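Asks: Sequence:
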Amino acid sequence: MMKKNRTPVMILAGGFGTRLKEETEFRPKPMVPIGGHPMLWHIMKIYAHFGYYRFIICLGYKSEMIKNYFLNYRMEDTTFTISTKTGTIVEHQSLAEDWEVTLVNTGLDCMTGGRVARAAQYVDTDSFLLTYGDGLANVDIAALVEFHKAHNRHATITGVNLPSRFGNVALEGDAITSFAEKMQIEDAWINGGFMVLNRDFLSYLSCDSSCVLEQQPLKQAALDGQLMMYKRILAMHGHRA
1072 MMKKNRTPVM ILAGGFGTRL KEETEFRPKP MVPIGGHPML WHIMKIYAHF GYYRFIICLG
1132 YKSEMIKNYF LNYRMEDTTF TISTKTGTIV EHQSLAEDWE VTLVNTGLDC MTGGRVARAA
1192 QYVDTDSFLL TYGDGLANVD IAALVEFHKA HNRHATITGV NLPSRFGNVA LEGDAITSFA
1252 EKMQIEDAWI NGGFMVLNRD FLSYLSCDSS CVLEQQPLKQ AALDGQLMMY KRILAMHGHR
1312 A
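Numbering (this note's numbering), first residue to last: 1072 to 1312.
What the hints contain is simulated information worked out from the structure, not anything from laboratory work.
Certain hints may be false.
[Stated by the list, open to error] Here are the computed distance ranges between Cβ atoms for each label pair: (1) H1113 with N1143: 27 to 35 Å; (2) E1168 with D1295: 19 to 27 Å; (3) K1116 with N1143: 13 to 21 Å; (4) R1077 with L1179: 28 to 36 Å; (5) L1179 with G1158: 32 to 40 Å; (6) T1155 with D1197: 44 to 52 Å.
Quick caveat: nothing in here was measured; it's all calculated off a predicted structure.
Backbone N, C-alpha and C define an ideal beta-carbon position, used for all residues, glycine too.
Based on the provided sequences and hints, a complete structural model is requested.
Replies: What follows is the structure, given as structure tokens:
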């Protein structure tokens, strides 16, 4: 059994999800179901596999749906007997995960950097993990964290090598020398999410709703030599939609 790790995992789950409008018109993107569970649950299971059990969820769009999911989570996966007269509940078997989840209202129109800054008060360790609530990947979280600890910089992002319209980076070894969000560059290393941040990185952020993590904060961290890339996801190839 994997040893428990109390380092918190922050998940950005407050965006409008415009690229999946067919689903997100009615629910936040992290709540889009995959195999009977919301995408958010699958992301949390990735981290839980490596012993992480404390989660900080940054809420915004349709936050009540995510709150209600976790308020009812235990009973959804529990066999129980209930007295309709007294309301007494006797639990027989529970398949619910042993997680500690902090749900933070970070604003409806707040950008990613502002959400992290607003939720940072619930981080009680020297570092924390951060990812997006709409991205799944086969990432070795333990190796990512060890890589981060070894280089002693403020931030590490996981890199994927494929043509994309997402955030591109320039590298010298594993050090990121520049960060540009959504530039069209062929065969570039892109921001794949799954980050590790030291508390010192928070100085790059602001609680202002216009603060975009992927713009000035990561760009400045790269210029300061404080941003590294973990290049361990296999390159993906295929048709670009």
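Asks: Now, for every hint given, state plainly whether the structure supports it.
Replies: Taking the hints in turn, this is what the structure says about them:
{"no.": "1", "hint": "H1113 with N1143: 27 to 35 Å", "verdict": "18 Å, violated"}
{"no.": "2", "hint": "E1168 with D1295: 19 to 27 Å", "verdict": "38 Å, violated"}
{"no.": "3", "hint": "K1116 with N1143: 13 to 21 Å", "verdict": "18 Å, holds"}
{"no.": "4", "hint": "R1077 with L1179: 28 to 36 Å", "verdict": "31 Å, holds"}
{"no.": "5", "hint": "L1179 with G1158: 32 to 40 Å", "verdict": "35 Å, holds"}
{"no.": "6", "hint": "T1155 with D1197: 44 to 52 Å", "verdict": "50 Å, holds"}
In this structure, the hints that do not hold are numbers 1, 2, in rising order.
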